[in-house]
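Keeping the supplied structure of chain U fixed, place chain F upon it in accordance with the hints.
2 protein chains.
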Amino acid sequence: MTTPLRLGVAGLGTVGMGVVSIVRRQAALLAARTGRDITITAVSARDAGKDRGLDLSAYAWESDPVALAQRDDVDVFVELMGGEDGPAKDATEAALAAGKDVVTANKAMLAIHGQSLAEMAEAAGRVIRFEAAVAGGIPVIKTLTEGLAGNEITRVMGVMNGTCNYILTRMENAGLPYETVFKEADDLGYLEADPTLDVGGIDAGHKLALLSSIAFGTVPDFDGIEIEGIQRIAIEDIRQAADMGYRIKLLGVAQRTGRGLEQRMQPCLVPASSPLGQLEGGTNMVVIEGDAVEQIVLRGPGAGQGPTASAVMGDVCDLARGFRMATFGQPATTLQSAPSTRAALPAPYYLRLALLDKPGALAKIAAILGNSGVSIDRMRQYAHSETAAPVLIVTHKTTRTALDEALAAIEKTDVVVAPPVALRIESV
Amino acid sequence: MTTPLRLGVAGLGTVGMGVVSIVRRQAALLAARTGRDITITAVSARDAGKDRGLDLSAYAWESDPVALAQRDDVDVFVELMGGEDGPAKDATEAALAAGKDVVTANKAMLAIHGQSLAEMAEAAGRVIRFEAAVAGGIPVIKTLTEGLAGNEITRVMGVMNGTCNYILTRMENAGLPYETVFKEADDLGYLEADPTLDVGGIDAGHKLALLSSIAFGTVPDFDGIEIEGIQRIAIEDIRQAADMGYRIKLLGVAQRTGRGLEQRMQPCLVPASSPLGQLEGGTNMVVIEGDAVEQIVLRGPGAGQGPTASAVMGDVCDLARGFRMATFGQPATTLQSAPSTRAALPAPYYLRLALLDKPGALAKIAAILGNSGVSIDRMRQYAHSETAAPVLIVTHKTTRTALDEALAAIEKTDVVVAPPVALRIESV
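As given, the protein sequences belong to chains U and F, one line each in that order.
Residue numbers for the first sequence follow the working numbering, so the first one is 1 and each next one is one higher.
Residue numbers for the second sequence follow the working numbering, so the first one is 1 and each next one is one higher.
Here chain U stands alone, though its shape is the one from the complex:
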């Protein structure tokens, strides 16, 4: 048995206390598995006086996370504060500069500053691990960088925001409108302080940026992601999708195309019978496709104390075992800057239009779609009591460019009362 691996834990919220709990509860197991004792020497959080349910008096307390990161008795700085800038980034940089390895759950920081932090880590001969930043307890980073290292990855997809999936499945199961379920989720404490991070697809977008980077060997490019939230999904979209054998999911998709790297985080229709379609509630799922392995599906809790702490401890155990790897799976200086491209590959789309009840209205829409080269597979117009009738269209495969041209032209007509809703039908 060599010297212990000493952790400094910054951030003692749900996840931080989960890590403290595992380190204490499973000390013998961790030592048996890694060949080293894993200990916590110091901690840091905003409020030193708060009762967190466990006695923390055995650990040195640092009110400043930067000071924690620089302590001589800390080998690994465990960053669980969150926030893309500010104390989390300052302390991470301080830890690397002081020669510490870093384990973090901070998706925003890495999605935005991942490249510069990775370069800094590699220059210092240190590593940054972030299994807990993507898909909670699911070891997806490890699966991509290590388990599937022999594969050229062709596509990565995932439902990675449990709150959005909860809202969408609850709308379907209870037949409730978005606004009602959003309010429910807020009351249950499921939403971030800024709910746009969840329902706007930003949190999931951060995760997709990290997955893309390790899957394709590219510089993390959050700005290159086409992001669309779930706010405009109506209960009738969900019902119509179900009628046609689909479910609507906030789905992240990253794939390499001839024109560059395509990254999308947007509501999509997926077959109801597929693993993604069957995913209920707050559970996450990541689908990885590679040239050799074909398709691997990983499913598990995307958040919560135990699962997220499990992911953090997986990283810590790797470090205790001496497993060291470049942050994004290969040296940061070798990551490519791939041009980003928008939905280069054609796909079928689902459209919902609010059409005025005027003679020739439908003909006008059909003509516009035809002029843009968008061909109609199925169309339904519904009986209605109001002035605007819902019209649902499923197109044949079309490019997003052609579709956008048609949608812009439709919006300019005098026969629709609201911007059309357009959802991609993803083949999974």
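Hint data in this document are derived by calculation from the structure and do not stem from the laboratory.
Just so it is clear, the structure is predicted and the values come from calculations on it, not from any experiment.
Heads up, the beta-carbon is just placed ideally off N, CA and C, and yes, glycines get one too.
Hints may be right or wrong, so weigh each one.
Taking CB as the label site, the calculated pair distances span [said to hold, decoys possible]:
1. F/Arg380 x U/Ala363: 56 to 62 angstroms
2. U/His396 x F/Asp291: 45 to 51 angstroms
3. F/Gly13 x U/Ile235: 52 to 58 angstroms
Some chain F residues flagged as far from chain U (calculated, every beta-carbon gap over 12 angstroms) [to be verified]:
4. Thr39
5. Arg52
6. Ala97
7. Glu119
8. Ala124
9. Val219
10. Pro348
11. Ile368
12. Gly373
13. Asp377
14. Ala383
15. Lys397
16. Thr399
17. Pro419
This is chain F only, laid out in the frame that chain U set:
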């Protein structure tokens, strides 16, 4: 870039040629990810003259795998011959003795001789990796030993024989009897030369023994597994299960109980709406439950050239990166010899009896069950034209001991014409 990692590949069947193909096709990618060139220096197979579709003339040829394992220009011995004893074991031992690391897909060899091989490897300072031995392309060994290293594992379950799952789902979807589908699977080349390895649950049992060992830190104990094949599953069992909202799967389950380690590989009923219940065809699935992570589900191809070679290459890349770990996740000498126990935890069971059409027959069965303390949840007797009527019973939770007592007593009566079929209903 350090020196190349040099592989010697023994066995050039489907998987072996898949490995050769990846090493050649993805040379640049592998080097970028691991920081080392990965090369093949020598190969071995029974028939040197056979056309395998790729030019192998650049590699030294050894007709004897032991000689291959001992070559000075081989760092990693890749054993893809199969067979629990014989050349595979001889060459693996020779490789370890000669100071080589070993990567193998050989579940039978490790399930039977894993402990002694692991001890030999550790004494020699070498490692044995076997991701490809369990669940094909799914990185389940890595997930258990590394990703979930912070967890006390509470249960591992899996559908790990694609042929059995193909047979069971094909029976259900096509409404065909076991014998017909077995013949189909044989004609399609899905079955091992000795089909009992597949349909008798032995192949899947080998995999379960390996999963149990790494999940629970125990000596691999294939003999401790309660194994039952799918040969007695009738189409009516599948139909009845479906009627009640279940599917029948050949399911491996390992869990620690107060009385010891329980390992079962047997047909079970699982909820049709669960990920296990929804698994179709030859796909594999492993469900891992831990005290922190709750539940992780992994799904992917359980066999085939690309997926299995992908798993082999994941192990090879780990070795190239310098990741070295004890064979079963912790030193072999620290693995416990847990007593094996048979279905210690109570569960509900599905029973099918072929009951003679005699007055009082059903009463006799009900009385026997009651006397053994097995209480009936649901019972159905079917209309029939023959002398024996199918009777289906779902019990409340009962111990296997009580159930076995009742089944033995039922067999001794004069009212059944065949041994009862009893399938556990697993909560997943």
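Consistency of the hints with the structure:
1. Checked against the hint of 56 to 62 angstroms, the C-beta distance between F/Arg380 and U/Ala363 comes to roughly 58 angstroms, which is consistent with it.
2. For U/His396 and F/Asp291, the hinted distance range of 45 to 51 angstroms is satisfied, since their beta carbons lie about 50 angstroms from each other.
3. The beta-carbon spacing between F/Gly13 and U/Ile235, approximately 54 angstroms, falls within the hinted interval of 52 to 58 angstroms.
4. At the 12 angstroms boundary, the C-beta of F/Thr39 stays outside the reach of chain U, the nearest C-beta of that chain being 14 angstroms off.
5. Distance check for F/Arg52 against chain U: the nearest CB is about 17 angstroms away, which clears 12 angstroms, and the non-interface claim stands.
6. Under the 12 angstroms C-beta cut-off, the non-interface status given to F/Ala97 relative to chain U holds; the minimum distance is some 24 angstroms.
7. For F/Glu119, the requirement that its beta carbon stay farther than 12 angstroms from each beta carbon of chain U is met, with the minimum near 16 angstroms.
8. At the 12 angstroms boundary, the C-beta of F/Ala124 stays outside the reach of chain U, the nearest C-beta of that chain being 17 angstroms off.
9. Once the 12 angstroms rule is applied to beta carbons, F/Val219 is consistent with being away from chain U; the minimum gap is 14 angstroms.
10. In this structure F/Pro348 is separated from chain U by more than 12 angstroms, as the shortest Cβ-Cβ distance comes to about 24 angstroms.
11. For F/Ile368, the shortest C-beta to C-beta distance to chain U comes to about 41 angstroms, beyond the 12 angstroms cut-off, and the non-interface label holds.
12. Every CB of chain U lies more than 12 angstroms from the CB of F/Gly373, the least distance being 36 angstroms, so the non-interface label holds.
13. Taking the minimum C-beta to C-beta distance to chain U, about 26 angstroms, the non-interface status of F/Asp377 holds against the 12 angstroms cut.
14. The Cβ of F/Ala383 sits about 33 angstroms from the closest Cβ of chain U, beyond the 12 angstroms cut-off, so the non-interface label holds.
15. The claim that F/Lys397 is not at the interface with chain U holds, since no C-beta of that chain comes within 12 angstroms of its own (minimum 26 angstroms).
16. Distance check for F/Thr399 against chain U: the nearest CB is about 30 angstroms away, which clears 12 angstroms, and the non-interface claim stands.
17. Every Cβ of chain U is farther than 12 angstroms from the Cβ of F/Pro419; the closest lies at roughly 37 angstroms, confirming the non-interface assignment.
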